[in-house]
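Go by the hints and put chain R onto chain G.
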Amino acid sequence: MKKLRVLLSIVVLASILLTACQPAATPAPEKPAEPTKAPEKPAEPTKAPEAPAEPTKAPEAPAGEKPLKFIMVQHALCAWDSFWCTVEQGIKDAAAQMGVDVQVLGPDKFDLEKTASLIDQAVAAKPDGIALTVTDPVLFKEPIMKAIDAGIPVLAYNAGKGPLEDGIPYLTYLGQDEYQGGYQGGVRLIAAGAKRGVCINHQVGHAGLDKRCQGFVDAFKAQNLKAEVLGVKGEDAAQSQTTISDFYAANPDVNAFLTLGPSGANPFYAFLDAEGVKGVVHGTFDVTPEVEAKIKDGTTLFAVDQQPYLQGYGAVMYLMLANKFGIRPALPVTATGPGFVDAKMLGKQPVPADKPLKLAMVQHAMCAYDPYWCVVERGMQDAAKHMGVEVTIYGPDKFDVEKTAALIDQAAATKPDGMGVVITDPVLFKEPVTKAIESGIPVVAYDTGQGPEKDGIPYLTFWGAEDYVQGYYGGLKLAEAGVKKAVCVNHQVGHTGLDARCRGFLDALKEKGIPGEVLGVKGEDAAQVQTTISDYYTAHPDVDAFMTVGPAGSDPFYAFVEAQGIKAGDLKHVTFDISPANIKYIREGITLFVMDAQPYLIGYGTVMSLVLYLRQNISPALGISATGPGFIDKSNVDIVEELAGTYR
Amino acid sequence: MDLVTKKLPQIRHRLSYMPEAVALIVLLLLFTFFSFAAPYFLTPLSIGNILTFGSITGIVTIGVAMLMISGEFDLSVGSNFAVASYVLALSLIAGWPVWLSILLALVSSTLLGCLNGLIVIKTRIPSFIATLGTMLAYRGIVRAIGGGDFATYKGEPIPVFKIMNGDFTLLNNLFGVQAFRTSMIWFLLLAAIFTFVLMRTRYGNWIFAAGGAPEAALAQGVHVARVKIMNFTLTGMLVGIASVLQFAHRMSVDPLRGEGMELIVVAASVIGGVRLTGGYGTIIGAVLGTFLLQMLDQGLVLMQIPIQVFQATAGLIIILAVISNTYLGKAD
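Protein sequences, first through last, are from chains G and R. Residue numbers for the first sequence follow the numbering used here, so the first one is 1 and each next one is one higher. Residue numbers for the second sequence follow the numbering used here, so the first one is 1001 and each next one is one higher.
Rather than coming from a laboratory, the hints here were simulated on the basis of the structure. The C-beta atom is built at its ideal place from N, Cα and C for all residues, glycine as well. Honestly, I wouldn't trust all of these hints.
[What the hints assert, rightly or not] Incomplete in silico selection of chain R near chain G, CB under 10 Å:
hint	residue
1	Asp1254
2	Glu1259
3	Gln1298
[As the list claims (entries may be wrong)] List time: in silico SDA-like cross-link candidates among lysine to any residue, alpha-carbon distance up to 20 Å:
hint	chain 1	residue 1	chain 2	residue 2
4	G	Lys435	R	Phe1175
5	G	Lys195	G	Lys278
6	G	Lys454	R	Glu1156
7	G	Lys415	R	Asn1172
8	G	Lys430	R	Lys1154
9	G	Lys415	R	Glu1156
10	G	Lys435	R	Gly1176
11	G	Lys572	G	Thr531
12	G	Lys278	G	Asp297
13	G	Lys358	R	Arg1012
14	G	Lys398	R	Ala1314
15	G	Lys510	G	Leu571
16	G	Lys572	G	Ala539
17	G	Lys233	G	Asp286
Same shape as in the complex, but just chain G (with noise of 0.2 Å):
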């Protein structure tokens, strides 16, 4: 008896020890007691997005109190031009999701010259960040520079080409890579059984049409095939139906045919219709009634979607996500299609905006004991809240690749609606990715992977940075800056992932026509790094520009810079990762820029992808989202030492 009042009381006590010591099991530096839940996660997860949430309060906004101010200029209108409808949804949707205020200007009827002079009223308005579309660069420099050299955040959607090709140094330009498209269109076609293709063109000169029907012959070409280009005439639709039915007569050996539009598409189909030819592979772009129609008698494979909606809706939250915490988007085209609309697609039920979703993400590692994602699980929430979803984080107690494996297995059985894995070991993961896919559960990759080709598992996308892309895009900026000969410091050779900083650094300044080599120098001793270094810039005099591809580099470089007395304009450095140090030279003009893959960005990417591709049937363009090189300059960098560790 008295035995079990002990016992009883032991038991009562251990319960009572364990429920109190809960949070201590869960050490969380620098963050809340429960790491995998957003701080401020309303009560009611399933809030419509739609509602006109208030706009008075964004409510993380280390910015301050008033809500951001974007002014969209477009040279179209959803009044006008139903096309539009699309964009402007997307807009308005994230502007209530995320508590921006956005004002969308566009002229009356199509006018350039009036669509410019609008670009200049926006520049006036002083708002937080301007997105538009370059539809004519020439035109448009003059009044978007305005806007650059007031300090305006600015981004183009829809139209334009890039900063790169349209010469005007904007973020990023949210629209169609029409060579993915291409491509990606002749992998499809191929897939289903396609021997030799056409593509055909109804306006060849069309940089864009030209670049989608390149795209559709490369990928015949990776697989040794052949494909050929049929020139035409888009504006008359009787005689391009003649060309493609002799074209067919001479070449009956085709059985894929890729058209790049309605004026493709119409007498494509009217050819067949006429010669009842049966046994070929069609795909075509842009989405129309009748194409919706042919997609679901199986005449037709799919049509190339640019995905309108996300255009707006990406402008507005990378507007949004450059003024809170200095992220910027990483490449200078940020492909919103192609999206493929298959039969899968049209008939796959959007989820109304206000059902509850719920998202189960696994990770190899955790807040918890690895501070670096916090700041992606933190991405995670900012999105989920933004977008009124649940997000739960699943991750080992350690780092345990088996277990992270195992992980999603058991996370695929609490059926989410959709759920992001790292992809830490494609052998090992393949299977219980797979087997996710298989259940229907969309899956998307995030901060470790290669995109779904090289992983060989069929994710949608990976949102992540590439080494190589990284060192590239650093490259080209670098050679914007002028410079004359340069070296890439390597504190690691054999190291995949540095090698490949190299060698994209080192492949970009080639192609601007600026010398460069690698310099392999011993990482694990700083001092001597350092010597090497010395000895180097002793012997290379005419070396101006360094490269260093992380701390263990940048580290020793500055103790260089500081021995030799080198001062800002002596040499141009750049660096990957964010540090106290580098962040000093950044602002003392040696330290051009540093990379880093913005793994907020990797966080909030990954929710965005999986609701946008639930709710709106929205598919990632591209096998990789790109999150990096984010740049950090003189620009960011008071935004970013600020919020480093917790938003950078």
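Chain R in isolation, oriented as in the chain G frame:
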């Protein structure tokens, strides 16, 4: 009062002869709890996950439980597990025949298990300390032969792996999921074999004797040292089997593979009623303990509770189990 004064001691007395009673009761309680509290717990997918993932650690637990009954510990199982996977992976990558690669993996883990036994018996160092040492040493072997990198088999699919740890098509088709794997057959088979060995053979008696009262056993003519070395060796072999089965599924191994496994399997054994001091316990109890922990793992995920809570909850269950088992053990 009658119930408390008369019936309870009776029940307690009866339960004291069933080491796995506590594990079974907790398992049923937890199962009932998750059935109500965790969405999708009672689905083939979740049950399949529990059985599949529990099978690998379960095979290791069989060995460790037997070893504990004979009065010894093995903390090196996790490191040994990784060694076997690396030996298998690197042999396959080198293009050696599949049967030879598997044999090499099993032989190396069995030898390392035997080495543990020899060290413990010949030097008379407590096994807790000795295998703590080999845990670190074997992990060093992993890093040395693996070069600190993942070892991944990317070649043609290996047919025998489908039998060892492939899709359990029968159950998967029956329930319309992709969760059951054949490893669970091997686990249950091994559990049955070693239950028989432990309960029905002379060797089984020696194991209990060696752990419960080594001096008396010695006096009765039981070769305590030989029994213990044999048990270390068997544990090594079972670790090898588990490791090979897991690799047949995953095709990839990393330098940290198996870290922390030593504690999970001891926990499963203790929850299952195996006494830390030796001489008492069953394989069935250890099996129940394994599934209990695996169920906790899956159940908490289904309840969307961060994984860190698993450690806290598992710890509480271990303490409760030991308290209950001690309480029952004092009945006689």
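Here's how the hints hold up against the structure:
no.: 1; hint: Asp1254; result: 5 Å, holds
no.: 2; hint: Glu1259; result: 7 Å, holds
no.: 3; hint: Gln1298; result: 5 Å, holds
no.: 4; hint: Lys435(G) to Phe1175(R); result: 15 Å, holds
no.: 5; hint: Lys195(G) to Lys278(G); result: 15 Å, holds
no.: 6; hint: Lys454(G) to Glu1156(R); result: 18 Å, holds
no.: 7; hint: Lys415(G) to Asn1172(R); result: 17 Å, holds
no.: 8; hint: Lys430(G) to Lys1154(R); result: 12 Å, holds
no.: 9; hint: Lys415(G) to Glu1156(R); result: 32 Å, violated
no.: 10; hint: Lys435(G) to Gly1176(R); result: 12 Å, holds
no.: 11; hint: Lys572(G) to Thr531(G); result: 19 Å, holds
no.: 12; hint: Lys278(G) to Asp297(G); result: 13 Å, holds
no.: 13; hint: Lys358(G) to Arg1012(R); result: 46 Å, violated
no.: 14; hint: Lys398(G) to Ala1314(R); result: 16 Å, holds
no.: 15; hint: Lys510(G) to Leu571(G); result: 19 Å, holds
no.: 16; hint: Lys572(G) to Ala539(G); result: 18 Å, holds
no.: 17; hint: Lys233(G) to Asp286(G); result: 18 Å, holds
Of the numbered hints given earlier, the model fails hints 9 and 13; all others are met.
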